[in-house]
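Protein sequence lines correspond, in order, to chains W and V. So the first sequence is numbered by this note's numbering: it starts at -12 and just counts up by one. So the second sequence is numbered by this note's numbering: it starts at 138 and just counts up by one.
No lab work stands behind these hints, which were simulated from the structure alone. Each residue gets a CB set at the ideal place from its N, CA and C atoms; glycine is no exception. Some hints could be false.
To be verified - For the chain V half of the interface with chain W, some residues (derived, Cβ under 8 Å), not all of them: (1) Phe314; (2) Arg384; (3) Ser478; (4) Ile482; (5) Val485; (6) Leu486; (7) Ala489; (8) Leu492; (9) Pro601; (10) Gly618.
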Amino acid sequence: MRRIFAVLAALALTGCSAGTSTAPQTHEVTLVTHDSFVVKEGLLDEFQKASGITVKQIASGDAGELTNKLVLTKANPIGDVAFGVDSTFASRALSEGVFAEYASPEASKGAQRYQVDSTGRLHAVDVGDVCLNIDPAKLGGVEPTSYEDLTDPKFKDKLVVENPATSSPGLAFLLGTIAKFGENGWQDYWTKLKANGVKVVSGWEEAYNQEFSATKGTRPIVVSYASSPSAEGGKTKAVLGTCYRQVEYAGVLSGAKNPEDAKKVLDFLLGEKFQAQVAEQMYVYPSREGVAQPESWAKDAPLPTNPQTLPADKVKDNREAWVEQWRKLVQG
Amino acid sequence: MLPLAFLGLFFAWPVLAIVSLGLREGGVVSALFSGETWELVGFTLGQALASTVVAVVAGLPVAFVLARCRLRGLGFVRAAVMVPFVLPTVVVGLAFRTFWPDGGVLPIVLANAFFNVAVVARTVGGLWAHTDRRAEDAARALGASRPRAFLSVVLPALAPAIGSAAAVVFLFCATSFGVVLVLGGSRYRTLETEIYLRTVELFDLSGAAALSLLQFAAVLAVLVLGALARRRRETALSLRGREELARRPSGGEWCVVAVAFGVVAALLTPVVGLVTRSLSTRDGWSFAGYAALASRGDRGTLAVTGIDAALNSVRTAFDATLVALVVGVFSAVVLVGLRRSGSRISEVLDTALMLPLGVSAVTVGFGYLVTMDALPGDFRTSPMLVPLAQALVVTPLIVRMVLPVLRAVDERLRQAAATLGASPWRVWREVDLPLAGRSLAAAAGFGYVVALGEFGATSFLARPDAPTLPVVIARLMSRPGELNSQMAYAACALLMVVTVGCVLLIERLRVPSSGEF
Chain W
-12 MRRIFAVLAA LALTGCSAGT STAPQTHEVT LVTHDSFVVK EGLLDEFQKA
38 SGITVKQIAS GDAGELTNKL VLTKANPIGD VAFGVDSTFA SRALSEGVFA
88 EYASPEASKG AQRYQVDSTG RLHAVDVGDV CLNIDPAKLG GVEPTSYEDL
138 TDPKFKDKLV VENPATSSPG LAFLLGTIAK FGENGWQDYW TKLKANGVKV
188 VSGWEEAYNQ EFSATKGTRP IVVSYASSPS AEGGKTKAVL GTCYRQVEYA
238 GVLSGAKNPE DAKKVLDFLL GEKFQAQVAE QMYVYPSREG VAQPESWAKD
288 APLPTNPQTL PADKVKDNRE AWVEQWRKLV QG
Chain V
138 MLPLAFLGLF FAWPVLAIVS LGLREGGVVS ALFSGETWEL VGFTLGQALA
188 STVVAVVAGL PVAFVLARCR LRGLGFVRAA VMVPFVLPTV VVGLAFRTFW
238 PDGGVLPIVL ANAFFNVAVV ARTVGGLWAH TDRRAEDAAR ALGASRPRAF
288 LSVVLPALAP AIGSAAAVVF LFCATSFGVV LVLGGSRYRT LETEIYLRTV
338 ELFDLSGAAA LSLLQFAAVL AVLVLGALAR RRRETALSLR GREELARRPS
388 GGEWCVVAVA FGVVAALLTP VVGLVTRSLS TRDGWSFAGY AALASRGDRG
438 TLAVTGIDAA LNSVRTAFDA TLVALVVGVF SAVVLVGLRR SGSRISEVLD
488 TALMLPLGVS AVTVGFGYLV TMDALPGDFR TSPMLVPLAQ ALVVTPLIVR
538 MVLPVLRAVD ERLRQAAATL GASPWRVWRE VDLPLAGRSL AAAAGFGYVV
588 ALGEFGATSF LARPDAPTLP VVIARLMSRP GELNSQMAYA ACALLMVVTV
638 GCVLLIERLR VPSSGEF
């Protein structure tokens, strides 16, 4: 309790400004990430050796959990630099003042294409679009190519989706339908999906590993990622007309104890070497331009060209209401 | 005071801090009185109650066999019963989904019971193994039928242990998270899943605080009811060693043995299913998943290898069990002492010690974020926090398993020892410890297994370079690619092997003096 009063008092006194940065004694940077963060073996060591910075890594749940933890601890952050806040949660992190401005020299090499804020607080590290995946063998040549196709009786009882209240790809798919059919049209679309036998499960693990016919189940259409087919050796395909853009960002935390070295770590995340391995390691697409892709990706998992998007502010303001409406409509 | 300090620092303080943060935001009252909230409370308590009943009914025959029968292969049964407890809920949920593709209330209840049969079997079995058989034999000699002797002699003697086990199972079921998510067909929600959603996804701290308060109140109410029900039942029993009590089953007892083995078989069905799955691929049988355990997963999904994660699990669980044993045994001894001196505080303390089981791991985890930085060295990111958080879950279990036995120690034995000049410490060492020794070893083993399987708090706190096996399994399950999913199932099999191995090992490490009575 005392701690909270101390924080509140500190906030009142300083007017909620960034923490004072005393000169750091060691070159240690704490990198807070979402759970899916993995780096190619050896790459981080190489960076640490070259820069003299020791990187301590903390994983903090999925994008939502990570964002909320950063907001909760913004007065005394658990790290110096954070990676993994995605487009759904970016506005919350920005409006709460979690991140500090930093004009990274690496940010103009392609990351600017996915810019969410013009003051340089968040920088796009990778893109991980959510798309329908299909099992062509099971569909026997009759494949959906758009959102509308899914309401066709041909695809009755073929689709499995994740609950947007409990799953992040599930939410992305719902947002995609809202972007596509508009704020007044998506309810109608989902009513038709329901009539066409859509199955809802709580998480990606169940949808993909248990229900999808390419793995264990019986349904040949599932909500997953544009990159998933790269792991299935050409047995599945992403439906590129049904994608919703998800971008993952990184930034220097405003209360960072070691902001100077934190900036170098951010540059590393945006730099060529790190960007070149995000596809293989995290199943996402690099934000940087001109980075070579693994060969199989070009064939099995190309980056969607015209994905649906929604402005971050709009998602922030309406998300809870949309999910609630969805719940009443599809599960009520 | 040690148990209280531990609970206060690593439980009460963080929980109060995060709840009060939510309260300050306002809107709690409106959240409390919405009809939806009360539906949540109803469903949460209802499913927990049903699961508890199923677990107790299924667990009692197993407890009987473990405690009273002299049969070949009981060591295996004792270890096998523990296996469900460590399995990740996602994996078990998916296994149950094979039988109930659409989920529903029945699979939720059965899955919750599946996880908790071990609690009943071990807690009740621990006391049963030491309960004097002569009273029962006397009743039988005087013409009571077997059921009659069971109902009027055995059951009352076991009541404290059954009450303890039921309370623990109820708390586990009331806060079960993964099972409800996976088997709820995404339609059913409980206080636990809703607190998670409000805290982690929506950042609605006031809504989460309201629900946490309700969860707290509901859990407290059930614990107090349980304590009231237990109060009159506890009596001194003459405790004996298992060796002289166990017999070969005879007559109607074989029916109970059959039922017990039926329960064990049912418990092992999902287990067999997942071992099968770890070996089968789209292209036939393969050991690829097991071979992958030595790697970091398909294209480096993990920061460490599966084997490293297993070693880390074993170490962390050891630390957690050690902390929990110290705190738990200390608490139990203090509780018994207070009780003997007729103090009312004993009951309050007893209930307080159980609370960590009934409060959401998310609430505690977020609480750590806003409090632990006040401890030296910014404790929020310390690797020490993992075993401590696990110990928080294990301690109440140890208390529950040791307490009924310690309380049942005949006071006259202790008085006799004291009269003969033994110091209080000597009394404890020469009277209580030998009598409770076996339960203590069992409690340690049980606590160890619980720590091995703990997921909620661990996943929240574990560092990526030092994950435990359950964390690694969850990680692998969340990636596409057949090898990852196979490796996840192989990791489950490894977790089961480690569990059975540890249980068998701990069973052998009996307290030296426990064989003397």
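Right, here's what the structure says about each hint:
no., hint, result
1, Phe314, "violated, 11 Å"
2, Arg384, "violated, 46 Å"
3, Ser478, "violated, 33 Å"
4, Ile482, "violated, 24 Å"
5, Val485, "violated, 22 Å"
6, Leu486, "violated, 22 Å"
7, Ala489, "violated, 18 Å"
8, Leu492, "violated, 18 Å"
9, Pro601, "holds, 4 Å"
10, Gly618, "holds, 4 Å"
Consistency note: the structure conflicts with the earlier hints numbered 1, 2, 3, 4, 5, 6, 7 and 8.
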